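S.K.: With chain V held as given, fit chain C onto it using these hints.
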Amino acid sequence: MSSSPQARGRRSILVWCLALCAAMIVAGLVIHRFDPGWAGTLAIMLAATGMTIPIILAVERSARFEGCLSPAMARYNRRMIAGSLLYTLGLFVAVYAYKNWHPQGALLWGLAMLPALGALAMVAAMARLLVEEQDEYLRLKLAQSALFGTGALLVLATVWGFLEQFRLVPHVPAWAAIPVFAIAIGLSRCFNWARA
Amino acid sequence: MKNRLRLLRAERDWSQGELATRLGISRQSVNAIETGKYDPSLPLAFRIADLFALRIEDIFLRDEEGAGE
Numbered sequence: 507m508s509s510s511p512q513a514r515g516r517r518s519i520l521v522w523c524l525a526l527c528a529a530m531i532v533a534g535l536v537i538h539r540f541d542p543g544w545a546g547t548l549a550i551m552l553a554a555t556g557m558t559i560p561i562i563l564a565v566e567r568s569a570r571f572e573g574c575l576s577p578a579m580a581r582y583n584r585r586m587i588a589g590s591l592l593y594t595l596g597l598f599v600a601v602y603a604y605k606n607w608h609p610q611g612a613l614l615w616g617l618a619m620l621p622a623l624g625a626l627a628m629v630a631a632m633a634r635l636l637v638e639e640q641d642e643y644l645r646l647k648l649a650q651s652a653l654f655g656t657g658a659l660l661v662l663a664t665v666w667g668f669l670e671q672f673r674l675v676p677h678v679p680a681w682a683a684i685p686v687f688a689i690a691i692g693l694s695r696c697f698n699w700a701r702a
Numbered sequence: 483m484k485n486r487l488r489l490l491r492a493e494r495d496w497s498q499g500e501l502a503t504r505l506g507i508s509r510q511s512v513n514a515i516e517t518g519k520y521d522p523s524l525p526l527a528f529r530i531a532d533l534f535a536l537r538i539e540d541i542f543l544r545d546e547e548g549a550g551e
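Protein chains in written order, with the numbering used here: chain V, 507 to 702; chain C, 483 to 551.
Hints may contain errors.
[Unchecked claim] Some residues of chain C that are not near chain V, with every Cβ distance over 10 Å (derived):
no., residue
1, R491
2, W496
3, R504
4, R509
5, A514
6, L526
7, D532
8, F534
9, A535
10, R537
11, E539
12, F542
13, R544
14, D545
[What the hints assert, rightly or not] Okay, the calculated beta carbon distance ranges per label pair:
no., chain 1, residue 1, chain 2, residue 2, range
15, C, S497, V, A553, 36 to 46 Å
16, C, R537, V, W699, 45 to 55 Å
17, C, D545, V, F672, 24 to 34 Å
[Said to hold, decoys possible] Pairs of lysine to aspartate or glutamate residues, derived as EDC-like cross-links and limited to a Cα-Cα distance of at most 20 Å, are as follows:
no., chain 1, residue 1, chain 2, residue 2
18, C, K484, V, E642
19, V, K605, V, D541
20, C, K519, C, D545
21, C, K519, V, E642
22, C, K484, C, D521
23, C, K519, C, E539
24, C, K484, C, D540
25, C, K519, V, E572
It should be emphasised that the hints constitute simulated quantities derived from the structure, not laboratory data. Predicted model, so just to flag it, every value in this text is computed and none were measured. Just so it is clear, CB atoms sit at the ideal spot from N, CA and C, and this is done for glycine as well.
So that you can see chain V by itself, here it is in the shape it has in the complex (with noise of 0.2 Å):
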């Protein structure tokens, strides 16, 4: 059975997202049934993650089969690579330190914010991504996926938010906005995808 490219190219996202959800809880399990110590749980943290490599290289052919894969796209692929690493290690750190060390003060503070550092350099990301991308059409696709998961985080947490005033569901932290927000301009495109 033959294909074309372009659907050969979003099959192996496909599997490679399948690959990167079983990496995750394939990790989680091993962190918590067999204590690997803190080099061993970094290590195994840092290879999930690392799973986020060939799915962007993926999206990258298949974008390429598309049409649409622009330098401006290229460098915001580098750079959530980079935000994505950098984001588990923050965490990582920051969570060990708290643990270990139980630091006070301006140290607790500039630990609590490590872990947003990573995250905020892939907002960045997104952000140089709408200046840099020279061709208008795409431009403006990007613009309405990023306006669409806007929406979709502020609907969704006022409604949570209401929600659990009444208690009706449980607390979510503020840094979920990022994860929603990612998630919802993914949709977003899968649903431009599927209408092309």
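M.R.: For chain C alone, coordinates are given in the frame of chain V:
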């Protein structure tokens, strides 16, 4: 807005990718313009017109005019 881009491209035997390279845009953008999903900005419309050595109104048509051939 309708346009004659596909026809003009076919006359020169250019693929969408080739036209995209000549215009410095993505193939997806060329496809979106040709199929009427996206109306280009004025600067891009001028670049397209310059490439085909035509006036903008010879390529992009008002809806009531139709896409011609």
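S.K.: Compare the structure with each hint and give your call.
M.R.: Comparing the hints with the structure gives:
At roughly 14 Å, the least C-beta separation between C/R491 and chain V is larger than 10 Å, which holds for a residue marked as non-interface. Against the 10 Å criterion, C/W496 stays outside the reach of chain V, whose nearest CB is about 14 Å from its own CB. With a cut of 10 Å on Cβ distances, C/R504 stays outside the contact zone with chain V, its closest approach being about 14 Å. Against chain V, the non-interface label of C/R509 is violated: not every CB pair exceeds 10 Å, the least being about 3 Å.
The claim that C/A514 is not at the interface with chain V is violated, since a C-beta of that chain comes within 10 Å of its own (minimum 5 Å). Not every Cβ of chain V is farther than 10 Å from the Cβ of C/L526; the closest lies at roughly 6 Å, contradicting the non-interface assignment. Annotated as non-interface, C/D532 keeps its C-beta farther than 10 Å from every C-beta of chain V; the closest such distance is 16 Å. Non-interface call for C/F534 relative to chain V: holds, since the shortest CB-CB distance, roughly 19 Å, exceeds 10 Å.
Non-interface status of C/A535 relative to chain V is upheld: no Cβ of that chain comes within 10 Å, the nearest being about 22 Å off. Remark: the non-interface label on C/R537 is consistent with the geometry, its nearest Cβ contact in chain V lying 21 Å away (cut-off 10 Å). Remark: the non-interface label on C/E539 is consistent with the geometry, its nearest Cβ contact in chain V lying 20 Å away (cut-off 10 Å). The claim that C/F542 lies off the interface holds: its Cβ sits roughly 15 Å from the closest Cβ of chain V, which is beyond the 10 Å cut-off.
Every C-beta of chain V lies more than 10 Å from that of C/R544, the closest at about 21 Å, which supports listing it as non-interface. No Cβ of chain V comes within 10 Å of the Cβ of C/D545; the nearest lies about 20 Å off, and the non-interface call holds. Look at C/S497 against V/A553: about 42 Å separates their beta carbons, and that is inside 36 to 46 Å. Between C/R537 and V/W699 the beta carbons are some 36 Å apart, a value that contradicts the proposed interval 45 to 55 Å.
The given range of 24 to 34 Å is broken by C/D545 and V/F672, whose C-beta atoms sit roughly 51 Å from each other. Only pairs whose Cα atoms come within 20 Å are accepted, and C/K484 paired with V/E642 is accepted, the gap being roughly 19 Å. With a C-alpha separation of about 15 Å, the suggested pairing of V/K605 with V/D541 holds against the 20 Å cut-off. Between C/K519 and C/D545 the alpha-carbon distance is near 13 Å, which keeps this suggested pair within the 20 Å criterion.
Distance hint between C/K519 and V/E642 is fulfilled; the C-alpha atoms sit about 13 Å from each other, no more than 20 Å. With a CA separation close to 9 Å, the supplied pair C/K484 and C/D521 stays within the 20 Å bound. Distance check on the hinted pair: C/K519 and C/E539 sit about 18 Å apart at the alpha-carbon level, within 20 Å; holds. A hinted pair counts as satisfied when its Cα atoms are at most 20 Å apart, and C/K484 with C/D540 qualifies at roughly 11 Å.
Straight-line distance between C-alpha atoms of C/K519 and V/E572 comes to about 16 Å, which keeps the hinted pair within the 20 Å bound.
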